[in-house]
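Here are the chains, one letter per residue:
2 protein chains.
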Amino acid sequence: MAGILESVESCLERHLPPEELSEVKRILYGGEARKLHLPAAALSAAQERDFELQGYGFDAEPEQLRRPRIVRVGLIQNKIPLPTDTAVSVQVAALHRRIAEIVEVAAQSGVNIVCFQEAWTMPFAFCTREKLPWTEFAESAEDGPTTKFCQELAKKYSMVVISPILERDETHGGTLWNTAVVISGSGAVLGKSRKNHIPRIGDFNESTYYMEGNTGHPVFQTQFGTIAVNICYGRHHPLNWLMFSMNGAEIIFNPSATVGQLSYVAAPDGSRTPGLSRVRDGLLVVEMDLNLCRQVSDKWNFKMTGRYEMYADKLTEAVQPCFIPNIIKERASH
Amino acid sequence: MAGILESVESCLERHLPPEELSEVKRILYGGEARKLHLPAAALSAAQERDFELQGYGFDAEPEQLRRPRIVRVGLIQNKIPLPTDTAVSVQVAALHRRIAEIVEVAAQSGVNIVCFQEAWTMPFAFCTREKLPWTEFAESAEDGPTTKFCQELAKKYSMVVISPILERDETHGGTLWNTAVVISGSGAVLGKSRKNHIPRIGDFNESTYYMEGNTGHPVFQTQFGTIAVNICYGRHHPLNWLMFSMNGAEIIFNPSATVGQLSYVAAPDGSRTPGLSRVRDGLLVVEMDLNLCRQVSDKWNFKMTGRYEMYADKLTEAVQPCFIPNIIKERASH
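Residue numbers (this note's numbering), protein chains in the order written: chain Y, 295 to 628; chain W, 295 to 628.
It is worth saying that the hints were derived from the structure and are not from the lab. It is possible that part of the hints are untrue.
Taking lysine-lysine pairs in the DSSO-like style, the calculated list, with each CA pair at most 30 Å apart, reads [said to hold, decoys possible]:
hint	chain 1	residue 1	chain 2	residue 2
1	Y	425	W	593
2	W	425	Y	597
3	Y	593	Y	329
4	W	442	W	329
5	W	450	Y	450
6	W	449	W	329
7	W	329	Y	329
8	W	319	Y	373
9	W	425	W	319
10	W	593	Y	373
11	W	623	Y	442
12	Y	623	W	597
13	W	319	Y	319
14	Y	593	W	425
15	Y	623	W	442
Partner residues aside, some chain W positions facing chain Y, computed with beta carbon under 7 Å [as the list claims (entries may be wrong)]:
hint	residue
16	299
17	305
18	609
This structure is a prediction, so every number in the text was calculated from the model and none was measured. Note that the Cβ used here is the ideal one computed from N, Cα and C, for glycine as well.
Only chain Y is shown next, with the shape it has when bound in the complex:
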């Protein structure tokens, strides 16, 4: 599309001299992620199917007592393939097909854990203020058609699948939730994580569609590492990230549906991969050694210097209706 920047990275790469480019990248993105060599079959399949395929890797230091714990993560971003006035079931089926062909390439690329977009089976409709037909896209997290579809994918490729959907919870009065379903590489539904924080920002007021999540900060132990899901706007609340980490998450996914899509992966040392194109469908494959989590934690000592006891007390005070802020004023000297 004319006038739209493909991505910041491609723009920098096109215009900056090589030496300055690498210094600017270091400042903006931390250490440069290494390019991952992906199989030719995967690259040509991505081209045929018209989506971007990028691969990067983060490394960790070798350790004596732990073997490297290498995992490949895949993030998928995609447009809706059909107009939003197509029948609901036809739109969902088309999205299933589109995702299936991208996940096949993820499997060819050695992906162990794949994560789709927020509410991936539907158009982004929460800004419309309309209920029908959008709420008809909601499904059971445990045995809806999309979860069954993802279980098939997971089993077929021995891949952990994170499937963020609009959830219809029939056992609690048919309530709606913004939920990520986590499916094990064996095809079993491991559990679900509901979006904890809801944007109430202009047209992004999603609070008439679903409520603040009540699943807390679950962490899922998979065969590839412990993972958690912080959905979209929850990224703006540092305490949300903190509690997932306190529960032991080594990878925290942040599926979104937002303005100017972007997907990237950040390592615990602050380095990050470039983002995917801002305008095309894409699959980002990132290989990482999870040993890096503890290595960086031991280096920066954030958990140990965090003084969480103090903040537990301070927050407990601050949420009281009678809270008096600690404001220091100049004493009148006359």
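Add chain W to chain Y, keeping to what the hints say.
Leaving out everything else, chain W in the frame of chain Y:
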């Protein structure tokens, strides 16, 4: 210096075509801060005295019931002027002189609140593991020579001064603290804020020099707005920022002494000014309308969607020695 990037911004400005430059800046820095028109006398004084002088402005929407609350903030970065083996009192005097000549230009530029570097009266010595002569740079926050010097500056220019020093606390056994002294525009010592979190990172292990601060998260009500000081490494702890904000801070300063110096000002809407040069002394002047704080808060609703009661409970649980993380495992199916 050859091979050192002056700043990311100047590099981008030199190489990117204008249209792409403004889009890249929008993505990296948010809305572009407007350039501030500074008096010619200030600009030429800065040039004579060999430091960079930059000015930017953030605007807010006009409101019906509140007048704009315009304040100009000045951030100073500086090298040490003398070798580190010079006599302590001579080094301090030289730093006082250097700061005085920069603050004079700040006054010419209309600055209302000025903030110096972390432990600005001494070389960055905490990485040396040596005690003498470095601990001799410590002073009383209430009536040390540096505080008296800053009180003179404050009174002379009716300027609030934030003076981060190594503090010697004689009333508590001569203990040392990493402390920001806040001096009102009248010249009165409003109070002090001690660094809450201490880096214990390789050579940046400062924990043998001073202890975790015990002043909590004080906010100082000045004639120009409510301000707080989050010293250096405390910036990595989101709860530290949060509690200053909970106590009502409208501007939170973050004086640092770190690798690759940088000073910049971020507005509540996420836009930020470019940084100063990475290699020269400098004064960054930023004008802002503090009404923007509440405007952005009302737009994004972070405080209202923050669910702090939940996190107060969760943190209280998480700091217990018997805490059991919420980890979900696959049930054995055979």
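Status of the hints after comparison with the structure:
1. Proposed proximity of residue 425 (chain Y) and residue 593 (chain W) is supported: the alpha carbons are some 24 Å apart, at most 30 Å.
2. Pair hint residue 425 (chain W) plus residue 597 (chain Y) holds up; C-alpha atoms about 28 Å apart against a cutoff of 30 Å.
3. A distance of roughly 25 Å separates the Cα atoms of residue 593 (chain Y) and residue 329 (chain Y); the hinted pair therefore holds under the 30 Å criterion.
4. About 34 Å separates the Cα atoms of residue 442 (chain W) and residue 329 (chain W), which puts this hinted pair outside 30 Å; it is violated.
5. Distance hint between residue 450 (chain W) and residue 450 (chain Y) is unfulfilled; the C-alpha atoms sit about 76 Å from each other, more than 30 Å.
6. Between residue 449 (chain W) and residue 329 (chain W) the CA atoms are separated by roughly 29 Å; this keeps the pair inside 30 Å, and the hint holds.
7. The hinted pair formed by residue 329 (chain W) and residue 329 (chain Y) fails the criterion: a straight-line CA distance of about 39 Å is larger than 30 Å.
8. The suggested pairing of residue 319 (chain W) with residue 373 (chain Y) holds, with an alpha-carbon distance near 26 Å, which does not exceed 30 Å.
9. With a C-alpha separation of about 44 Å, the suggested pair residue 425 (chain W) and residue 319 (chain W) falls outside the 30 Å cut-off, and the hint is violated.
10. About 28 Å separates the Cα atoms of residue 593 (chain W) and residue 373 (chain Y), which keeps this hinted pair within 30 Å; it holds.
11. Between residue 623 (chain W) and residue 442 (chain Y), the direct Cα distance comes to roughly 20 Å. Compliance with the 30 Å bound is thereby established for this hinted pair.
12. Among the hinted pairs, residue 623 (chain Y) with residue 597 (chain W) is consistent with the structure: their alpha-carbon atoms are about 24 Å apart, no more than 30 Å.
13. Straight-line distance between C-alpha atoms of residue 319 (chain W) and residue 319 (chain Y) comes to about 14 Å, which keeps the hinted pair within the 30 Å bound.
14. Of the supplied pair hints, the one linking residue 593 (chain Y) and residue 425 (chain W) holds, its CA atoms being roughly 24 Å apart against a limit of 30 Å.
15. Restraint check for residue 623 (chain Y) and residue 442 (chain W): the C-alpha separation of about 20 Å stays at or below 30 Å, so the hint holds.
16. Because the smallest distance between the Cβ of residue 299 (chain W) and any Cβ of chain Y comes to about 5 Å, under 7 Å, the interface hint for this residue holds.
17. Using the Cβ-Cβ criterion of 7 Å, the hint placing residue 305 (chain W) at the interface with chain Y is satisfied: the shortest such distance is roughly 5 Å.
18. With its C-beta approaching chain Y no nearer than about 4 Å, residue 609 (chain W) sits inside the 7 Å limit, and its interface hint holds.
When held up to the earlier numbered hints, the structure conflicts with 4, 5, 7, 9 and fits the remainder.
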